[in-house]
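As given, the protein sequences belong to chains D and A, one line each in that order. Under this note's numbering, read the first sequence as residues 461 to 1000, first letter to last. Under this note's numbering, read the second sequence as residues 157 to 296, first letter to last.
These aren't lab readings, by the way, just hints derived from the structure by calculation. Computed from a predicted structure; not experimentally measured. Glycine included, C-beta positions come from ideal geometry on N, C-alpha and C. There's no promise every hint is true.
What the hints assert, rightly or not - Beta-carbon label-pair distances, calculated as ranges:
| hint | chain 1 | residue 1 | chain 2 | residue 2 | range |
| --- | --- | --- | --- | --- | --- |
| 1 | D | GLU782 | A | VAL207 | 57 to 65 angstroms |
| 2 | D | GLU563 | A | GLU220 | 58 to 66 angstroms |
| 3 | D | PRO819 | A | LYS219 | 54 to 62 angstroms |
| 4 | D | ASP732 | A | LYS197 | 44 to 52 angstroms |
| 5 | D | PRO872 | A | ARG235 | 50 to 58 angstroms |
| 6 | D | ARG678 | A | LYS219 | 41 to 49 angstroms |
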Amino acid sequence: MFGTGADTGSYDDFEHTDVIVVWGSNTQEAHPIIYNHMRRGIKNGAKMVLIDPRKLAMENFSEIWLPVNVGTDIALANAIGHVIIEEKLYNALFVKNATLFFEEYRNQVERYTPEFAERITGIPQEKIRATARLYATANRAMMAWTLGITEHHNGTNNVHALINLALLTGHVGKPGSGLMPLRGQNNVQGSGDMGALPNKLPGFFNVEDIKARERLERAWNCEINPENGLNVSEMQEAMHEGKLKFLYVIGENPLQSDANTTRVAEAFSNLDFLVVQDLFLTKTAQIADVVLPAAGWAEVEGTYTNSQRGVQRVRKAKNPPEEARDDLAIFCDLANQFGVNWRYETAKDVWDELRSLSPAHFGMTYERIDREYELQWPCPKLDEPPTQILHTRLHTNDVGLKAKFVLVNYEPPVDVVDEEHPFVLITGRRLAFYNTGVTTNNYGSKVKDQKEYLEICPKDAQRLGIDTGTVVRVQSRRGSVVVPIRISNKLSEGTLFMSFHFPDQVDTNVLTSDDVDKKSGVAPFKYTAVQIEPFLVSEE
Amino acid sequence: MSTILDNQNILSTICSFCGTGCGIEITVENGQPVRVAGDKKSPVSHGETCVKGSQGWGYIQSKERLTYPLVRRNNRLERSSWSEALKIITSAVHRVKSQYGSDGFGCFSSSRSTNELNFLAQKFMRQVIGSNNVDSCNRT
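Just chain D, with the same shape it has in the complex (with noise of 0.2 angstroms):
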């Protein structure tokens, strides 16, 4: 929020706090020690609101659970917003010094009253006063979020409505108050912070900004383009057109991670040369025209910065196999084969670099780190202690930048749901795996349910006869799929979930949209709409 994607607060403020609000984001099996924390928070007396679909387990230990229809968060967070403004429940003081456009947002959320949005998102509108009278006038509040927010095809507009909740009541920026888009991989907030992003240089300046490219330019003694590049969706799309042509992919595997898996296929189809470095010989590199074999966690050195903006240090235990290579080498032979003379000889040099280019990290070397365990940016001085809360300064006179309200409408889902595909799908990561299982496919048996199924809830099951254990079709607009259902009592009436963690047995992603938010390129994985009937083997 406000221009640098990260969380606000530090996990401990979990852990004192008054109210956790846990909205599209099963913590407790998707980020089990950021749980832990929230746990020790209810412990401490907090109540935790979950707003989620599904009855997840931490439904258990929550104050209010709000079953949201899929999709209609929009709605249910611009009524919130109204019944905080309507009951006069909102921090005048805080929006007075710290925000602008209140009054549109106001007039914006008017229309949004309880009873409307009880309609749009099956939330009954007692409970959506509930939930904001807890959350305004708790003295600190917390809001957590993942992928239940952000995989939809409006996922920017759906944080932006949560954030708006933040300013209204002044919940950010103090302890035990803050908003915390929680990172699903380890180093999410690192690749981007480093510049991996077509629209950001490392140290979070703009590409757009003519003076940091400047300083990138002298420093590299080449021309930065000025344009701003393209997202893996963008990318995808360019590749489909024939514009891209050469693509250099590394540790992923979108033939099997990314949404709609047979037209990603497509996209690759096109190209004139791909690059794969990874450990494995993922369904990508099996396509590829060379693949690089790189070394793995606990083969390198270096830093990965997690989702408190924590940069920490990992180190290598072992030697990668054979002639997989650390990635900082590969890079380095390949560039110099450009005549452009890299040379680092360490993790270290490629940081220091970093740290000389990127003022939010220039306090953080290896040897601090080393000493502190973890350092959370900015953490501009050597001598200065790091950051635990962004936007402090929204609580003080000195308040500079204004915070901005953001106006958003609930948009309905574009893959809608009819009598021919009846269903939402929802997808996520269970427990014990990870994404498409590369990581977590050989536990042994250490593990159960190591295996695809489709969950669905008693009275749907009852409705189509089926039973825990029967094989059925679930077709999308887009491909189907065969999978052994399982009933639970999770889902409500309508919806239905699956991992992806199982590819090669159950190829989920063939049924996702790749419709993606046109704002951020990310594909709405939380929204399909599906038929599922019994599958007969003679069929195959």
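Take the given structure of chain D and dock chain A to it, following the hints.
Coordinates of chain A only, in the frame set by chain D:
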């Protein structure tokens, strides 16, 4: 590369799965990790780990790991040397650049990998290729 060893065979590092960043300790015997446990010194996780962190790391020792470069010959991936693989990439870069310019390139960098790798990947794209077409699945 220097490695900090807490004592002879316990190495402190960070888990490679989700974005929490739990501190873990790897017990190393004869150059191979044999056990992973939570690192009590971690200000993030205070010694806690989940099943992925403590049990899920075996993939690094998998027999399925890639152990040498592969290049496509006669529509099949075959073993090559590093120098040959890099030469093939380099000539493909020159070929695509002359035909399509820097817009013809893209890089999916990795939000699984280190900050340092991501820094070099974007530097390669911006300095060597001249394109800002670099992204990772960093919104998920």
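Hint by hint, here is what the structure shows:
1. D/GLU782 - A/VAL207: 57 to 65 angstroms: violated, 30 angstroms
2. D/GLU563 - A/GLU220: 58 to 66 angstroms: Since the Cβ atoms of D/GLU563 and A/GLU220 sit about 60 angstroms apart, the hinted range of 58 to 66 angstroms holds.
3. D/PRO819 - A/LYS219: 54 to 62 angstroms: With a Cβ separation near 46 angstroms, D/PRO819 and A/LYS219 fall outside 54 to 62 angstroms, so the hint is violated.
4. D/ASP732 - A/LYS197: 44 to 52 angstroms: Holds, since D/ASP732 and A/LYS197 (Cβ atoms, about 49 angstroms apart) stay within the stated range.
5. D/PRO872 - A/ARG235: 50 to 58 angstroms: At roughly 52 angstroms between Cβ atoms, A/ARG235 and D/PRO872 fall inside 50 to 58 angstroms, so the hint holds.
6. D/ARG678 - A/LYS219: 41 to 49 angstroms: The hinted range 41 to 49 angstroms holds for D/ARG678 and A/LYS219, with Cβ atoms some 48 angstroms apart.
In the structure shown, a violation is registered for the earlier hints numbered 1 and 3, in ascending order.
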